[in-house]
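**Q** Sequence:
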Amino acid sequence: MPIISMSYDSDRRTFVKSVGSITAVAAVAGCLDEVGGSGGDEFVTMATGGTGGVYYTLGGGMADVWADDLDLETSVESTGGSVENARLLDDEVEVALMGESAIADAVNGEGDFEETVPLQALHGTYMNPTHVVVQADSDIETFEDLEGHAVSVGDLGSATETKAADIFEFYDMDYDDVDAHEYSFDETTDAMLDGHIDAGIYAIGIPGPSVDELFTQADVRFIDFPEEDLEAISEELDYYQTHEIPAGTYDGQEEAAPNPAELNTVVVNENMGEDLAADLTTSTLENVSRLSDVHQSAESFEEFARESPTEYHPGAQSALDELGM
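For the sequence shown, full-length UniProt numbering gives the first residue as 1, with consecutive numbering after it.
What the hints contain is simulated information worked out from the structure, not anything from laboratory work.
It cannot be assumed that every hint is accurate.
Here are the simulated distance ranges between beta carbons [stated by the list, open to error]:
| hint | residue 1 | residue 2 | range |
| --- | --- | --- | --- |
| 1 | Ser138 | Asp275 | 47 to 57 Å |
| 2 | Gln296 | Asp186 | 13 to 23 Å |
| 3 | Met173 | Asp238 | 29 to 39 Å |
| 4 | Gly252 | Glu274 | 14 to 24 Å |
| 5 | Ala256 | Tyr175 | 42 to 52 Å |
| 6 | Glu115 | Val288 | 31 to 41 Å |
| 7 | Asp176 | Asp275 | 25 to 35 Å |
Glycine included, every Cβ here is placed at the ideal spot set by N, Cα and C.
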């Protein structure tokens, strides 16, 4: 399966795009199973998400910061999202962004994971609201109204698809109740613009690039999640909490949109050396201002640094203590 690699060229201070395969990435990463302290010739690969999402955008910014700050060779892999990231983290990449529920499943060997994945947290990052977008003149007002319609539920293995499945189950629905399509963020936006689907689900930080494109090019809106439903989702589904997409976040969005959301976390394999884990954590959190210029979701890194569904890597724990977080 082809993937896009953004390799950092320290001489030119730019990201260089290339196309490779997971096999090729594994060959490189396999030589770095036990990554120690930072500096010198070390190479760190970060698994992110689709190119139309915030994982990919922020991941590129973080890799840039690490390359400058820690003298590391870095790359960012575009992936299918949280579930794939956990599997890659097992032996093919060093760092990944993941949603809370996928992390919990991975460390416990549940859900999409037949075996446990030895991952630990560096720090929490930002909330991932569930954007459910329909045409402005659609008869779809609530999640239950999706029944019988063509819906993008997200790329298989992504945080979006995981959340979509959870919310369908909450409403006693499943994908058989809709015409389900497993599209990436960009594919979802294209399908909405082309009229091939009636609704698109995006679990994405705000503002989400692909959602922004859709609101800019079409007359669309969010569905409504009643307050009592949001309260019940937060009570019944682990790691979910209500989060609001503020009015004006997207072009033509006149009202705030409360929705189910969960936290994203930076995770690593537990075998990572303590020095490197500490350095990555410190470098990221000391460069929040710079990362906020890449995407505004980074503004919440300090707020959520100490929130994680799994234990912290010892190196990250030390760094957070030293930073007073």
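**Q** State for each hint whether it applies.
**A** Going through the hints against the structure:
Separated by about 53 Å at the C-beta atoms, Ser138 and Asp275 satisfy the suggested range of 47 to 57 Å. Take Gln296 and Asp186: their Cβ atoms lie about 20 Å apart, and the range 13 to 23 Å holds. Between Met173 and Asp238 the Cβ separation comes to about 19 Å, which falls outside the hinted range of 29 to 39 Å. For the hinted restraint 14 to 24 Å between Gly252 and Glu274, the CB-CB distance of approximately 49 Å leaves it violated.
The hint said 42 to 52 Å for the Cβ distance between Ala256 and Tyr175, and at roughly 29 Å that hint is violated. The hint said 31 to 41 Å for the Cβ distance between Glu115 and Val288, and at roughly 35 Å that hint holds. A C-beta distance of roughly 50 Å is found between Asp176 and Asp275, which places it outside the suggested range of 25 to 35 Å.
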